[in-house]
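Add chains B and C to chain A, keeping to what the hints say.
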Amino acid sequence: MSPASGPRVGLFVTCLVDAMRPQIAFATLHLLEEAGCIVEVPQKQTCCGQPAWNSGDNRDAAALARQVIAAFEPYDYLVAPSGSCAGTIAHYPELLGEDPVWGPRASALAAKTHEVLSFLVDVLGHVPTGQRLEASATYHDSCSGLRELGVHDQPRRLLAAVDGLELRPLEGDNVCCGFGGTFCIKYPAISNAIVGEKAAAIEATGADLLLAGDLGCLMNMAGKLNRNGSKVRCFHTVEILAGGGDGPAIGEPQ
Amino acid sequence: MSARDRILAAVRAGLGSRPQAPSDIEAEAASLLAEPDEIRPRPVDTTLVEAFCTKAGAVGTTIDRVTDLDAVPAAVERYLAAQGLPPSVAVQPDPALTGLGWEGVATHAAIAPDEAAAVGLAGWGIAEGGSIVIHSAPDSPILLAFLPVHHIVVLHTDRILPHLEDYAATLSEGGAVPRNAVLITGPSGTTDIEGSYVRGAHGPGFVHVILVAGEVR
Amino acid sequence: MTVADQPSFKARADAALADRTLKTAIERTTGTAERKRAAALSTFPEFEAARSRGKAIKDHVIANLDHYLETFERNAVASGARVHWAATDEEARDIVVRLCIEAGAKRVTRSKSMLGEEIGLPQALADAGIERVETDLAEHIIQLAGEHPSHIIWPAMHRTREQVAELFKADHVPAPDAEDPASMVQSARRVLREKFLSADVGISGANFLIADTGATCTVTNEGNAELTTTPPRVHIVTAGIEKLVPSTAHAFALLRLLVRSATGGELTQYTTFHCGPKRSGDADGPEEMHIVLVDNGRSTMIADEFREMLRCIRCGACMNHCVVYRQIGGHAYGGTYPGPMGAALTPVLDGLARSRDLAFACTMNGRCAEVCPVKIPLPTLLRAWRVRSWNDGLEKGVASAAVGAWAAVARRPGLYRLVSGAGVGILRLIGTTGWIKSLPFVGGWTKYRDLPAPSGGTFMARYKAERGKEAAK
Numbered sequence: 001m002s003p004a005s006g007p008r009v010g011l012f013v014t015c016l017v018d019a020m021r022p023q024i025a026f027a028t029l030h031l032l033e034e035a036g037c038i039v040e041v042p043q044k045q046t047c048c049g050q051p052a053w054n055s056g057d058n059r060d061a062a063a064l065a066r067q068v069i070a071a072f073e074p075y076d077y078l079v080a081p082s083g084s085c086a087g088t089i090a091h092y093p094e095l096l097g098e099d100p101v102w103g104p105r106a107s108a109l110a111a112k113t114h115e116v117l118s119f120l121v122d123v124l125g126h127v128p129t130g131q132r133l134e135a136s137a138t139y140h141d142s143c144s145g146l147r148e149l150g151v152h153d154q155p156r157r158l159l160a161a162v163d164g165l166e167l168r169p170l171e172g173d174n175v176c177c178g179f180g181g182t183f184c185i186k187y188p189a190i191s192n193a194i195v196g197e198k199a200a201a202i203e204a205t206g207a208d209l210l211l212a213g214d215l216g217c218l219m220n221m222a223g224k225l226n227r228n229g230s231k232v233r234c235f236h237t238v239e240i241l242a243g244g245g246d247g248p249a250i251g252e253p254q
Numbered sequence: 001m002s003a004r005d006r007i008l009a010a011v012r013a014g015l016g017s018r019p020q021a022p023s024d025i026e027a028e029a030a031s032l033l034a035e036p037d038e039i040r041p042r043p044v045d046t047t048l049v050e051a052f053c054t055k056a057g058a059v060g061t062t063i064d065r066v067t068d069l070d071a072v073p074a075a076v077e078r079y080l081a082a083q084g085l086p087p088s089v090a091v092q093p094d095p096a097l098t099g100l101g102w103e104g105v106a107t108h109a110a111i112a113p114d115e116a117a118a119v120g121l122a123g124w125g126i127a128e129g130g131s132i133v134i135h136s137a138p139d140s141p142i143l144l145a146f147l148p149v150h151h152i153v154v155l156h157t158d159r160i161l162p163h164l165e166d167y168a169a170t171l172s173e174g175g176a177v178p179r180n181a182v183l184i185t186g187p188s189g190t191t192d193i194e195g196s197y198v199r200g201a202h203g204p205g206f207v208h209v210i211l212v213a214g215e216v217r
Numbered sequence: 001m002t003v004a005d006q007p008s009f010k011a012r013a014d015a016a017l018a019d020r021t022l023k024t025a026i027e028r029t030t031g032t033a034e035r036k037r038a039a040a041l042s043t044f045p046e047f048e049a050a051r052s053r054g055k056a057i058k059d060h061v062i063a064n065l066d067h068y069l070e071t072f073e074r075n076a077v078a079s080g081a082r083v084h085w086a087a088t089d090e091e092a093r094d095i096v097v098r099l100c101i102e103a104g105a106k107r108v109t110r111s112k113s114m115l116g117e118e119i120g121l122p123q124a125l126a127d128a129g130i131e132r133v134e135t136d137l138a139e140h141i142i143q144l145a146g147e148h149p150s151h152i153i154w155p156a157m158h159r160t161r162e163q164v165a166e167l168f169k170a171d172h173v174p175a176p177d178a179e180d181p182a183s184m185v186q187s188a189r190r191v192l193r194e195k196f197l198s199a200d201v202g203i204s205g206a207n208f209l210i211a212d213t214g215a216t217c218t219v220t221n222e223g224n225a226e227l228t229t230t231p232p233r234v235h236i237v238t239a240g241i242e243k244l245v246p247s248t249a250h251a252f253a254l255l256r257l258l259v260r261s262a263t264g265g266e267l268t269q270y271t272t273f274h275c276g277p278k279r280s281g282d283a284d285g286p287e288e289m290h291i292v293l294v295d296n297g298r299s300t301m302i303a304d305e306f307r308e309m310l311r312c313i314r315c316g317a318c319m320n321h322c323v324v325y326r327q328i329g330g331h332a333y334g335g336t337y338p339g340p341m342g343a344a345l346t347p348v349l350d351g352l353a354r355s356r357d358l359a360f361a362c363t364m365n366g367r368c369a370e371v372c373p374v375k376i377p378l379p380t381l382l383r384a385w386r387v388r389s390w391n392d393g394l395e396k397g398v399a400s401a402a403v404g405a406w407a408a409v410a411r412r413p414g415l416y417r418l419v420s421g422a423g424v425g426i427l428r429l430i431g432t433t434g435w436i437k438s439l440p441f442v443g444g445w446t447k448y449r450d451l452p453a454p455s456g457g458t459f460m461a462r463y464k465a466e467r468g469k470e471a472a473k
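Heads up: the protein sequence lines correspond to chains A, B and C, in order.
Here the first sequence is numbered in our numbering, starting from 1 and rising by one per residue.
Here the second sequence is numbered in our numbering, starting from 1 and rising by one per residue.
Here the third sequence is numbered in our numbering, starting from 1 and rising by one per residue.
Pulled out of the complex, with its shape left as it was, chain A reads as follows (with noise of 0.2 angstroms):
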């Protein structure tokens, strides 16, 4: 696929990645052009309205769907380094489905919006090689990718293909590390006690790395492991996939 001919992409960066981790954005962005995509990043975007989602507030959420459907349905297709957020925009349809206008382009947005490393395997069927980095990794499934969006194999298939990287399965990697957006700040408590079962579960497979595919999960994991005293250094998955391995993990100073 050369680039003047491949898919033109619009990177939607997520609030969380912008802030707080822009080397995710940059990852994503060089993967997919190294796979051969025209990749734009739109100007008018900021956050795909998940925490008024998740909040119950539909008015404010539509509102952020409505321009986060006007900035990317020119491009082929949508693709965020969060399973979290994709998953948000896949509720658009739900959200503006009554409106005769916004309906019919939220469903045709959301058909095109994907989480970056299932876009990567199942659309673009492009696995990064070349890659090396003699390290042990465990993988958390972060649950809106995992079951919105059908993200299990294709990071462990990505993940696989990094020369030296040995994967150690994590117990209950399919289950909430208690992150849940704004949960963690209404329960924080609750949370605590999620994230602290976690923690002890990434700690028990004697892993380097803790990688995931959701800041918003990383954060918390890595949060409890540095409160908690761990070396596990934690990772987005495709800073990995990127060879962004060697740099600062996340909470190391630049």
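Please note that a few of the clues may not be correct.
As the list claims (entries may be wrong) - Taking lysine to aspartate or glutamate pairs in the EDC-like style, the calculated list, with each CA pair at most 20 angstroms apart, reads:
| # | chain 1 | residue 1 | chain 2 | residue 2 |
| --- | --- | --- | --- | --- |
| 1 | C | 10 | C | 305 |
| 2 | C | 23 | A | 171 |
| 3 | C | 23 | A | 197 |
| 4 | C | 447 | A | 197 |
| 5 | C | 464 | A | 94 |
| 6 | C | 55 | C | 305 |
| 7 | C | 437 | A | 252 |
| 8 | C | 55 | B | 94 |
| 9 | C | 375 | B | 139 |
| 10 | C | 106 | C | 94 |
| 11 | A | 112 | A | 76 |
| 12 | C | 55 | B | 35 |
| 13 | A | 231 | A | 171 |
| 14 | C | 278 | B | 94 |
| 15 | C | 169 | B | 37 |
| 16 | A | 44 | C | 466 |
| 17 | C | 464 | A | 33 |
| 18 | C | 36 | B | 28 |
| 19 | C | 55 | B | 194 |
| 20 | C | 23 | B | 35 |
| 21 | C | 106 | C | 288 |
| 22 | C | 36 | C | 46 |
| 23 | C | 375 | A | 148 |
| 24 | C | 55 | C | 370 |
| 25 | C | 106 | C | 131 |
| 26 | C | 36 | C | 370 |
| 27 | C | 195 | C | 179 |
| 28 | C | 278 | C | 102 |
| 29 | C | 55 | B | 37 |
| 30 | C | 55 | B | 165 |
| 31 | C | 36 | A | 171 |
| 32 | C | 375 | A | 252 |
| 33 | C | 55 | B | 38 |
| 34 | C | 36 | A | 173 |
If you are wondering where the hints come from, they were derived from the structure by calculation, not from laboratory data.
Okay, now just chains B and C, sitting in the frame of chain A:
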């Protein structure tokens, strides 16, 4: 307005208008049972009798096999002896059982609250889960299957059905539905304390099937 | 039981989190249930197809509920049972208590029924001065403890074996021989045996109401349902109107899903169909059988988004697989039904204003829906409660205000760039070591975990700088 009328009115209001005739509803209900093999477990063994024995054994039911009904009293005697029980049982007042030659075992009709062992007849066996089925009747007290510690059940091999649906079909074919129909799948048990399994909660701690080859007399 | 007059949800949850014994008890039961369910499904490859069929059966029944209610009533009456209708929990309680009084009941035995808990039957019987004997082992335990169920399948799962032993030693005469579960089960068997046989009325629930025969169906593993319903002169069934199925075969299709999802077994030890009272010449059985059909909010669910909840067959798999339930247990939920299905149902029963926390105390991870044997989209239903709560103006907390403020900024990309850029700058100043240990407004986060500081300027700013304005369209 009676509660009945209020509930039905609320249900109908919630459902809105539907033109469905009862016969259409029944047809749709029947269609939901089509292709039953897609939604039930496959038989575990080649023959029905073997499948029944495998599944019954898996749920803790023990099985003895005899060639005809006349061999039942001796099988009961054997079982009681093996369990270290005195040779005395309550016997279901069904002539097919009471008419047998119980020379080696004392029998009685009344079932005591702490009856050690009782012998009854199963109406059916179901291979799918290793279940036996008893029906209430004048000569079939339900408590016979619940009060004893050891429930000994006589089952004819030709009364073994493959699946639960096959038993359900016997109810609609046979006309009268019994007052009580009990599917018994292994001995009584509970997991109510910490999820750990304990056998023999309120019902029998032991279910022993005497499988009789051939037809019901 | 309702959520009224209880400490707040957060206070209940905090108390549960602080109780390490409770955590041990929860983990023993739900962990075992999770493993056994997984094992049961591994030998039942037809499960997915069976699930779809189970969903279709329940949807069909609800879509024709008036037809099935009338059919069931007609056939139950023909069997000799008497059918009563209760629109509310109060009506249901009154009917059952009146039937007990008419039967001259001094002692009633009860076989576990969550509907009985829902309508407040234990208290109503106590108020009427009728001795109530709970016969399910778990219900016996919580009756001795003076508690409510904390799980719909294992009502006493919040109690460890050591705690059960204390209760039994205080109550059972003679006391149990030992503290292991087997000895305690034997002790309960001894104590309850005489009560089964001397009760005047036996009260059960129903797992299914069979429309074409008029029979009710109970499933138990202990055998207590049959010992509750057979010896007394009167048998009373209380059942929700959503329990209907067209026929016995339809009940079996659902039973396969129910048992595997609940306990990981294939069938319960006892699956019993009760069709009318004792017949002429019958060796045993109740002389009267009464069936109380209870609505209590169910009919209102048909017309709204909670209709899918009427499919629920009460297997408890959603709570066994819920990360929140496994931390706080059932009592913290405050209603009759805990866990995800309880969070969806309690606002119907107790009102949203008193139970609004339940829908929010969920991470929306979707595992409950994944394991639900009748495919109830529980996260979707919980979000529907969040929408109602938001629209009703019940969400007044700081977090909700922050969501509104966030959305207002996020709707203006230019302003958003300024705000996010400034916010990132501030966080980087606070978190020079890479980690922020404490931060106002997100104290809930930093109380328990560190917050990673932003790793650089915002992506949008850096992208613009690195690729030039042309690339940034």
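Status of the hints after comparison with the structure:
1. Between the alpha carbons of residue 10(C) and residue 305(C) the distance comes to roughly 27 angstroms, so the proposed pair goes past 20 angstroms and is violated.
2. Of the supplied pair hints, the one linking residue 23(C) and residue 171(A) holds, its CA atoms being roughly 19 angstroms apart against a limit of 20 angstroms.
3. Straight-line distance between C-alpha atoms of residue 23(C) and residue 197(A) comes to about 12 angstroms, which keeps the hinted pair within the 20 angstroms bound.
4. Between residue 447(C) and residue 197(A), the direct Cα distance comes to roughly 17 angstroms. Compliance with the 20 angstroms bound is thereby established for this hinted pair.
5. Restraint check for residue 464(C) and residue 94(A): the C-alpha separation of about 34 angstroms exceeds 20 angstroms, so the hint is violated.
6. Distance restraint check for residue 55(C) and residue 305(C): the Cα-Cα separation of roughly 16 angstroms lies within the 20 angstroms cut-off, and the hinted pair is therefore satisfied.
7. Distance check on the hinted pair: residue 437(C) and residue 252(A) sit about 14 angstroms apart at the alpha-carbon level, within 20 angstroms; holds.
8. Under the criterion of a C-alpha separation no larger than 20 angstroms, the hint pairing residue 55(C) with residue 94(B) is inconsistent with the structure, at around 42 angstroms.
9. Distance restraint check for residue 375(C) and residue 139(B): the Cα-Cα separation of roughly 44 angstroms exceeds the 20 angstroms cut-off, and the hinted pair is therefore not satisfied.
10. Distance check on the hinted pair: residue 106(C) and residue 94(C) sit about 17 angstroms apart at the alpha-carbon level, within 20 angstroms; holds.
11. At most 20 angstroms may separate the alpha-carbon atoms for a hinted pair to count; residue 112(A) and residue 76(A) meet this at roughly 7 angstroms.
12. As the CA atoms of residue 55(C) and residue 35(B) are separated by approximately 16 angstroms, the hinted pair is consistent with the 20 angstroms bound.
13. At most 20 angstroms may separate the alpha-carbon atoms for a hinted pair to count; residue 231(A) and residue 171(A) meet this at roughly 19 angstroms.
14. Using a Cα cut-off of 20 angstroms, the hinted pair residue 278(C) and residue 94(B) holds, with the two alpha carbons roughly 18 angstroms apart.
15. Taking the CA atoms of residue 169(C) and residue 37(B), the gap is near 50 angstroms; set against the 20 angstroms cutoff, the hint is violated.
16. With a C-alpha separation of about 18 angstroms, the suggested pairing of residue 44(A) with residue 466(C) holds against the 20 angstroms cut-off.
17. Between residue 464(C) and residue 33(A) the CA atoms are separated by roughly 17 angstroms; this keeps the pair inside 20 angstroms, and the hint holds.
18. Under the criterion of a C-alpha separation no larger than 20 angstroms, the hint pairing residue 36(C) with residue 28(B) is inconsistent with the structure, at around 34 angstroms.
19. Distance hint between residue 55(C) and residue 194(B) is unfulfilled; the C-alpha atoms sit about 31 angstroms from each other, more than 20 angstroms.
20. About 44 angstroms separates the Cα atoms of residue 23(C) and residue 35(B), which puts this hinted pair outside 20 angstroms; it is violated.
21. Distance hint between residue 106(C) and residue 288(C) is fulfilled; the C-alpha atoms sit about 17 angstroms from each other, no more than 20 angstroms.
22. Annotation: proposed proximity of residue 36(C) to residue 46(C) holds, straight-line Cα distance about 17 angstroms (limit 20 angstroms).
23. Our distance criterion of 20 angstroms between C-alpha atoms is met by residue 375(C) and residue 148(A), whose separation comes to about 14 angstroms.
24. Our distance criterion of 20 angstroms between C-alpha atoms is met by residue 55(C) and residue 370(C), whose separation comes to about 13 angstroms.
25. For a cut-off of 20 angstroms, the pair hint linking residue 106(C) to residue 131(C) stands: about 6 angstroms separates their Cα positions.
26. As the CA atoms of residue 36(C) and residue 370(C) are separated by approximately 16 angstroms, the hinted pair is consistent with the 20 angstroms bound.
27. Between residue 195(C) and residue 179(C), the direct Cα distance comes to roughly 23 angstroms. Violation of the 20 angstroms bound is thereby established for this hinted pair.
28. Distance hint between residue 278(C) and residue 102(C) is fulfilled; the C-alpha atoms sit about 19 angstroms from each other, no more than 20 angstroms.
29. Between the alpha carbons of residue 55(C) and residue 37(B) the distance comes to roughly 17 angstroms, so the proposed pair stays at or under 20 angstroms and holds.
30. Between residue 55(C) and residue 165(B), the direct Cα distance comes to roughly 18 angstroms. Compliance with the 20 angstroms bound is thereby established for this hinted pair.
31. Proximity of residue 36(C) to residue 171(A) is assessed by CA-CA distance (about 17 angstroms); at most 20 angstroms being required, the pair is judged to hold.
32. Between the alpha carbons of residue 375(C) and residue 252(A) the distance comes to roughly 43 angstroms, so the proposed pair goes past 20 angstroms and is violated.
33. For the suggested pair residue 55(C) and residue 38(B), the alpha carbons sit about 15 angstroms apart, so the restraint of at most 20 angstroms is met.
34. Proposed proximity of residue 36(C) and residue 173(A) is supported: the alpha carbons are some 19 angstroms apart, at most 20 angstroms.
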